[in-house]
Structures are given as structure tokens and as C-alpha cells.
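Visitor: Given the sequences, and given the hints that come with them, work out the whole structure.
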Amino acid sequence: MKVHLKLTSSLLREIQSDLRRPHPVAFERVGFLACRGGWTDDGGVVLIARQFLPVDDVEYAEDEHVGARITAQAVRFALQHAYHEPDCMLFVHEHAHTGEPRPSRVDSDCWRELVPNFWHVRPSLPHGALILSEDSAFGILWVPAVRQPALITDFTIVSWPLQRWTSEASR
Amino acid sequence: MTQKSDSRQSFLGRNSEQTLASARAAVVGLGGGGSHVCQQLAHLGAGNFLLFDPQRIEDTNLNRLVGATDDDVREHRTKTDIGRRMIKAIRPCANVETYPSHWQERAEVLRRADAIFGCVDSFNERSQLERVARRYLIPYIDIGMDVHRHEDEYHVSGQIAVSMPGGPCLWCMGILREDLLTQEANNYGAAGARQQVVWTNGVLASTAVGAFVQLLTPWAKAKPPALLEYDANRGTVVASNKLAVMRETCLHFSSPVDFGDPFWSINQLDRIVK
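Protein sequence lines, in the order shown, are assigned to chains D and L.
The working numbering applies: residue 1 is where the first sequence begins, and numbers increase by one.
The working numbering applies: residue 1 is where the second sequence begins, and numbers increase by one.
Fair warning: there could be bad hints in the mix.
Which stretches of chain D does chain L cover? Using the computed rule of at least three CB atoms under 8 Å from a CB of chain L, they are [said to hold, decoys possible]:
| hint | stretch |
| --- | --- |
| 1 | 1–14 |
| 2 | 37–44 |
| 3 | 48–57 |
| 4 | 115–126 |
| 5 | 150–161 |
Rather than coming from a laboratory, the hints here were simulated on the basis of the structure.
Note that the Cβ used here is the ideal one computed from N, Cα and C, for glycine as well.
Guide: Put into C-alpha cells, the structure is as follows:
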């Protein structure tokens with residue numbers, strides 16, 4: 001399945017400016033990206049990022065084994081959003097380097113635990129995760145009833161000029 | 001790829017050929033304007049085309065439909081077939097998908113486009129196309145032309161509008177107005193059925209393709225104006241005066257919920273793939 005994520009440059013800047021702020025106890029920041037979307041004629045998915053939900057400072061827990069650990073309340077806040085809005089939710093964080101980011105084992109473990117929760121509140125939509133780097137991205141999407149997750153193959157930052165990234169991981 | 005062709009396009013940027021080859025352009029309306037757009041995109045090296053037009057060629061189209069032949073008229077070929085043949089003749093490796101139907105019947109196809117060229121006559125279609133483009137964050141490049149008779153003289157004018165998500169839309173620019181949608185004015189009003197507008201269409205299409213090139217391969221630092229106005233009587237294309245009083249952000253498409261398919265669900269997957 002071909003998955004294409006689009007977001008405006010202004011939303012990307014908003015995400016980056018939040019994720020790059022230092023935190024007193026966490027090594028990195030995380031957030032949730034709410035997307036609308038649609039199928040394409042060939043069975044692909046176009047995701048349109050529409051809102052970034054940052055995690056409040058107080059919702060980070062101290063844990064020296066991971067970059068960021070967030071509280072159950074922070075997850076509930078994102079779940080509540082998905083309950084009220086028909087949005088596909090992407091759990092997002094950033095790797096501070098250039099080039100295409102790849103998920104760590106910690107990332108994968110975290111997604112396996114976190115993402116299925118969104119199907120309890122919004123079972124009709126796929127949900128997933130996104131890793132940004134300074135000039136690229138990696139994304140993954142789980143569709144209910146389809147065991148194999150789909151990688152986000154294409155990213156478009158809608159600005160002048162357009163920035164288009166194709167995921168090497170999906171090739 | 002020869003060294004000669006590399007050097008020819010180098011001012012567009014180091015990866016411009018690859019960028020254009022991977023781009024997917026939708027051209028809606030393959031009449032006088034859209035056929036010019038297709039021809040130029042093919043010469044540029046655009047690699048992927050989505051062509052929409054429900055019509056078959058008629059003899060009255062032959063004076064302005066680029067790439068069409070007298071044989072096409074006799075065979076009553078579809079405009080999309082003529083467009084595909086022209087593109088493939090210029091660039092055999094191009095991926096050309098043709099949809100000889102109203103684009104609204106295959107709206108899901110448009111979602112795959114990197115940019116949409118609106119080369120349609122009707123204001124209603126423009127309005128609908130822009131709405132789809134905004135929903136899926138697709139830049140929409142619109143061209144339109146009018147021929148008016150004023151006293152003893154014909155006046156030919158047109159516009160090239162670039163509607164970028166977040167930026168001014170066709171409503172902000174005054175191209176779309178409620179009264180126009182209601183009246184659905186005929187663009188070619190005074191020109192008659194055999195409009196001799198191949199050169200004016202060429203100017204509009206060239207300028208629109210220029211915006212597309214600049215969008216993908218920003219060879220010039222200055223961003224082109226969102227609205228350019230063409231005066232064929234004077235032979236000028238200038239930035240519209242309206243830009244001075246236009247908001248930089250659009251209030252018509254400012255709702256953060258107006259994205260994607262409002263009924264999007266995994267339950268639709270079977271229907272779409274079939």
C-alpha cells in the first residue's frame with residue numbers, strides 16, 4: 001500500500017519548534033499529529049496533517065533508559081482527540097540528524113504498545129508513527145485487519161517550492 | 001542522458017531532471033489551454049501525467065488544440081488520446097494516464113497529483129477543482145481567458161492564478177464570485193465558435209508551466225505572483241493590481257477540518273481497490 005503524507009511548511013515548523021525545545025527531565029520531546037485522509041484510486045492512502053498536539057511539560061516522566069517517557073494522561077489526551085475528531089493519529093518525534101531516520105528498537109516497542117490504543121477510540125481509521133529528521137522522515141501506518149504495517153512512502157512539505165521526500169526504507 | 005541535455009537544464013538545479021521526471025501533473029481540460037500545457041510539460045521532462053477531458057475533438061477545435069490533426073477529427077478521437085499521443089511522441093517513457101470522463105467521476109485519481117492544472121471553461125468547475133486541491137494540499141494552477149467586444153474592438157484578456165494551500169484562493173483573487181457561478185458566464189463570449197486563440201492560449205499555458213517549474217525547481221529566488229493578468233491587445237503579462245489589497249492568507253479555506261475525504265474510513269478500502 002502506497003502511503004503519502006502531506007503537511008504544510010508552517011505546520012512542520014510548528015512541530016519542529018516544539019520538539020526541539022529542551023526539557024528538564026526528558027532527552028527529547030514527542031507529540032501527536034492529527035491527520036485527515038483519503039484513499040486514492042489505486043488503493044493508496046493520502047494523509048493530510050492538520051494539527052499537532054504537543055505533550056505538555058508536566059506530562060513527561062523521568063526515565064534515563066529512554067529519550068522520553070510520557071504519562072498516561074498525555075496518552076489519554078491524544079486518545080480523547082481521536083475520540084472526538086475523525087483523525088488518523090501519528091505519534092511523532094524527531095531524530096536530530098540529516099538523512100532518513102530509522103526507528104530504534106525502543107521506538108518499535110513503544111509503537112506496538114501505543115498505536116493499538118487508538119483503535120479503541122477510532123477503529124475506522126489507520127494510525128501510526130512518524131520520525132522526523134532535519135531534512136527527511138520515516139513513517140509507518142497500521143491499518144486494522146491488515147497485519148503488515150505500511151511504510152509511508154512519500155512525504156510532501158507543501159510550501160513554495162514544494163519539498164518532496166521519498167522513503168528509502170519503503171523501496 | 002547526454003552531457004548536452006544536462007547542461008541545457010542545469011540552471012533549473014542539480015536534480016531538476018529527476019525532480020521533474022518524478023512529478024505527477026494533473027491536467028484537467030485538454031482543449032486549447034490544456035493541450036499547450038501537456039506539450040510543454042512533455043518537453044520539460046515531466047514524467048507522470050493524469051489527463052482528464054470527457055470530450056472528443058470536433059473540427060471547430062482544430063485551430064487551437066495543439067497536437068491534433070485533421071485525421072483526429074475524422075476519427076472523432078478523444079482529447080485525452082490526442083494528449084497522450086503527443087506526450088508519448090515527445091517523451092516515450094512518460095507515464096500517461098487518461099480519463100476521458102468528467103474528472104468528478106474519478107476524483108480519487110486527482111489525489112495522487114503533485115499539482116493540478118485547471119484548464120476548464122466553467123467557473124463552477126474551477127470552484128470544484130480548487131476545493132479538491134485545497135482538501136488534499138495540492139497546488140492548483142488555473143488559466144482562463146475572455147474575449148470581449150467593446151465598441152468596435154475585440155479585447156482579449158486572461159489570467160494565470162496559482163492557488164497554494166494557505167495562500168490566496170480564486171475567491172480571494174476575484175476570479176470566482178457568486179454572481180459568476182450563478183450566471184456561469186461563457187469565457188469566450190464574443191469570440192464565436194471557432195475561437196482563434198491558439199497564441200493567447202500559448203501565452204497563458206507557458207506562464208502556467210513556468211509557475212509549475214518554479215514550484216518544483218526553484219531556479220529563481222523570487223516567488224512568482226499568485227495572480228498574473230494577460231492583456232493580449234497590449235501584449236503584456238503583469239502581476240495583478242489585486243495582489244496589493246489581497247490578504248496573504250485565505251479565509252475561504254481556513255478551516256482546519258476541511259481536509260481529506262470527510263467520510264474516509266477503512267471500510268471504503270474494498271470499494272476503492274475494486
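Visitor: Please go over all the hints and tell whether each is borne out by the structure.
Guide: Hint-by-hint comparison with the structure:
Counting residues of the stretch 1–14 of chain D whose C-beta sits closer than 8 Å to any C-beta of chain L gives 5, which meets the bar of three, so the coverage hint holds. By the rule of at least three residues with a Cβ nearer than 8 Å to a Cβ of chain L, the coverage given for the stretch 37–44 of chain D holds, with 8 such residues. For the stretch 48–57 of chain D, the assignment as covered by chain L holds, since 3 residues bring a beta-carbon within under 8 Å of that chain's beta-carbons and 3 suffice. Three residues within the 8 Å Cβ limit are the bar, and the stretch 115–126 of chain D against chain L gives 3, so the coverage statement holds.
With 4 residues bearing a CB less than 8 Å from a CB of chain L, the stretch 150–161 of chain D meets the requirement of three and the coverage assertion stands.
Consistency with the previously given hints is maintained throughout, with no hint failing.
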